[in-house]
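Undergrad: Same order as they appear, the protein sequences are chains A and B.
Residue 7 is where the first sequence starts when you use the numbering used here, and the numbers rise one by one after that.
Residue 25 is where the second sequence starts when you use the numbering used here, and the numbers rise one by one after that.
In short, the hints are calculated from the structure, not lab data.
Source: prediction; values computed, not measured.
Chain B side only, calculated, beta carbon under 7 Å to chain A, not exhaustive: (1) I49; (2) P51; (3) F126; (4) I153; (5) P161.
For every residue, glycine included, the Cβ atom is placed at its ideal position computed from N, Cα and C.
Chain residues, written in single-letter form:
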Amino acid sequence: MQKLQTGKRPLSFYALSVFFGLFVLFLYGPMSAIYILSFQGPTGGLTFPMRGWSLHWFDALFSQQRTGDFAGAFTRSMILAVMALLLTVAISVVAGLAFRRRFVGAAFVFYLAVASLIMPGLLVGLGVGLTFQTLGVQTKWFASALGAQLTWTLPFGMLIMFAVLSRFDRAYEEAARDLGATNWQIFLWVVLPILFPGMIAVALFGFTLSYDEFPRTLLTSGAANTLPMEIWGMTTNVTSPALYALGTVTTLVSFIAIALALGSIAIIQWRRSRPVGNVSLAKEQE
Amino acid sequence: MQSPDRTRGARPVKVSPTLTSYLQIGPLLLVLLLFFGIPLLVVIAYSFFQFDGLDSVPAFDFVNYIDVLTSGVTLSLYLKTLYYAVVVWAITLLIGFTVAYFLAFHVQSLIWQMALFLLCTVPFWTSNIIRMISWIPFLGRNGIFNNALIGAGITQQPLEFLLFSDFAVIIAYVHLFTLFMIVPIFNAMARIDKALIEAARDGGASGWRIIWDIVVPLSKTGIALGSIFVVTLVMGDFFVVKVMSGSQSASIAMAMSNQIAMVQYPPAAASAVILLIVVSLMVAAILRVVDVRKEIAG
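Work out the full structure: start from the sequences and follow the hints.
TA: Put into structure tokens, the structure is as follows:
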């Protein structure tokens with residue numbers, strides 16, 4: 007940022023601002039409509055105008071009348087997403103570290119991951135479903151569905167770790183080694199804290215990609231539904247604002263996940279920028 | 025806190041760097057092989073099985089492929105799906121490039137840049153199906169859009185083509201997938217040295233020439249990555265086209281999902297393999313134009 011244009015902005019700035027504004031409106035407009043419609047009164051329908059305001063449809067969602075097993079699907083999806091999160095973070099971080107060194111087969115693993123990323127989801131689901139069937143093992147949301155989801159969250163995690171590690175200054179590790187740290191100490195006390203914000207990004211991706219994943223879960227989750235499948239079922243069966251209430255609830259959960267992730271990044275950055283006793287002393291001596 | 029003496033006393037087992045690499049990559053490789061590599065082989069195997077109307081019988085038979093390839097429906101499905109892919113690609117590229125360009129070059133404060141970028145990414149965290157459904161009350165016969173048009177006196181009767189049409193399918197795709205274009209292009213543009221732009225401007229280049237001769241070539245990898253995402257997502261989609269077209273239109277993946285629903289696994293597997301080949305060829309074509317490897321591997 008060498009030159010800050012203060013004062014007059016070019017005409018293109020205003021044109022592009024308007025374009026950006028319209029795009030944001032396009033992104034949020036329809037969605038905000040369903041959030042508002044989910045607060046319809048008990049006699050309300052799927053469209054405007056609103057017939058009163060109530061929490062009726064949220065209540066209908068949880069009371070398990072005609073909307074299926076929402077609570078169960080929600081619980082399963084949350085557990086699944088947390089498992090995907092933990093595995094994605096752990097596996098992506100060590101895989102990212104592996105790629106810093108040359109090893110035979112690195113290109114193979116890399117292309118395997120990229121192929122897995124761009125593979126149509128339904129095809130992965132079909133493959134995993136057929137494999138389990140061939141082996142005579144029952145598909146279960148916490149086994150086959152988790153594995154199918156990982157074929158999509160792991161490559162994402164790996165690519166994020168590449169981006170994070172490409173900015174990683176290896177001098178920190180050298181310095182720690184010179185001071186006599188073992189490999190584990192270097193990993194725990196030097197590498198991990200530096201990678202931490204990137205790991206949170208990976209965690210966020212792992213969580214939300216799994217929580218929302220539909221095509222890869224459809225044929226692999228076995229007898230029990232996950233939330234996206236519950237939503238899918240509702241699109242064909244339910245013609246009441248309960249469907250919108252479900253949209254509002256799931257969006258809220260996503261927002262909480264983002265807020266937690268951004269919050270923890272902010273806290274880490276703040277703690278890092280705060281001078282620690284010894285460091286500030288060293289600076290004074292400089 | 026450990027004292028340095030203790031750690032020096034307990035010497036850890038020396039692991040060779042090569043072994044370390046394989047131990048580190050092991051879990052990723054294992055998951056990808058178990059849940060992607062092997063299942064892919066299983067799908068290929070099933071595509072040669074015979075389907076006797078009820079069950080899949082192990083065999084080595086090309087009949088599924090012959091059925092799929094000689095069916096007139098297949099060609100029309102592919103043309104329809106390609107049509108969606110190309111139109112959605114063009115629209116998302118236009119929007120993605122413009123939005124990324126605005127964020128990268130016109131928003132000067134880093135805080136604002138991040139804030140506006142986040143504003144674009146937040147909807148991505150909401151369920152795709154929910155985002156898709158949200159167009160229904162918007163575009164429907166008594167929807168917001170029609171009411172607004174009638175209210176403004178632009179039309180007398182509600183427009184019928186808005187929902188359950190190609191228009192609805194494309195608008196939902198654009199809504200769902202534009203972010204996949206914005207993120208890689210913005211990422212590429214953020215790395216462009218602003219001094220280059222300044223130099224070009226000082227040299228008397230017009231705004232369009234700067235975009236065409238500097239920004240576009242330097243964000244090529246981002247454009248290619250975004251294109252790969254959008255094209256593969258549209259090609260593999262089955263639920264948007266099903267809901268938004270009101271089942272009046274179909275795509276390859278939707279035909280596949282119908283076969284799967286009827287437990288016709290061998291024909292479904294054959295369509296899957298053909299779809300996979302087509303998608304791979306499209307990705308290869310994009311990679312031939314732009315070499316993305318350096319970008320993601322570096």
